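Please model the complete structure; the sequences and the hints are all you need to start from.
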Amino acid sequence: MGTALVETPLPQISPLAGEPIERADAERLAGVLKALADPARLRLLSLIQSAPEGEACVCDLTAPLGLSQPTVSHHLRILTEAGLLNRDKRGVWAYYSLVPSAIATVAELLTPPRKRATKKAR
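Numbering follows the UniProt record's numbering, in which position 100 of the sequence shown is assigned residue number 100; successive positions increment by one, without gaps.
In case anyone wonders, no lab produced these hints; they're calculated from the structure.
What follows is a list of derived Cβ distance ranges for each label pair:
#1 Pro112 <-> Val92: 44 to 52 angstroms
#2 Ala26 <-> Arg90: 35 to 43 angstroms
#3 Thr62 <-> Arg23: 35 to 43 angstroms
#4 Gly54 <-> Glu22: 32 to 40 angstroms
#5 Arg77 <-> Thr111: 25 to 33 angstroms
#6 Glu53 <-> Val92: 17 to 25 angstroms
#7 Ala37 <-> Pro70: 17 to 25 angstroms
From a predicted model like this one, the values you see are computed outputs, not experimental measurements. Note that CB positions come from ideal geometry on N, CA and C, so glycine has one too.
Have a look at this one:
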């Protein structure tokens, strides 16, 4: 399958863990959160996640977003570089799918430790 162009891995320690997060870890996490902090990108993740095969071609994403193909491609590139999407080139088209572990890691990092313990106990 395709690859996620992860420039730097996500930090292993949560900013909510009760100890200070290192500057480099904070910068990496902020980069991923910046990628998520755009309505079009959040919609892209949702559209790709809900696609029948769990993947979508850029050609299938322009109409639902009401954005041009270059703009959608730009947003997809940012999400891919943040490590949130895989990109699989097939001929002239690129197909995108979520990186489940990346989404789960972001959720875990933003969940306070006490809430994590409660979730795992259920």
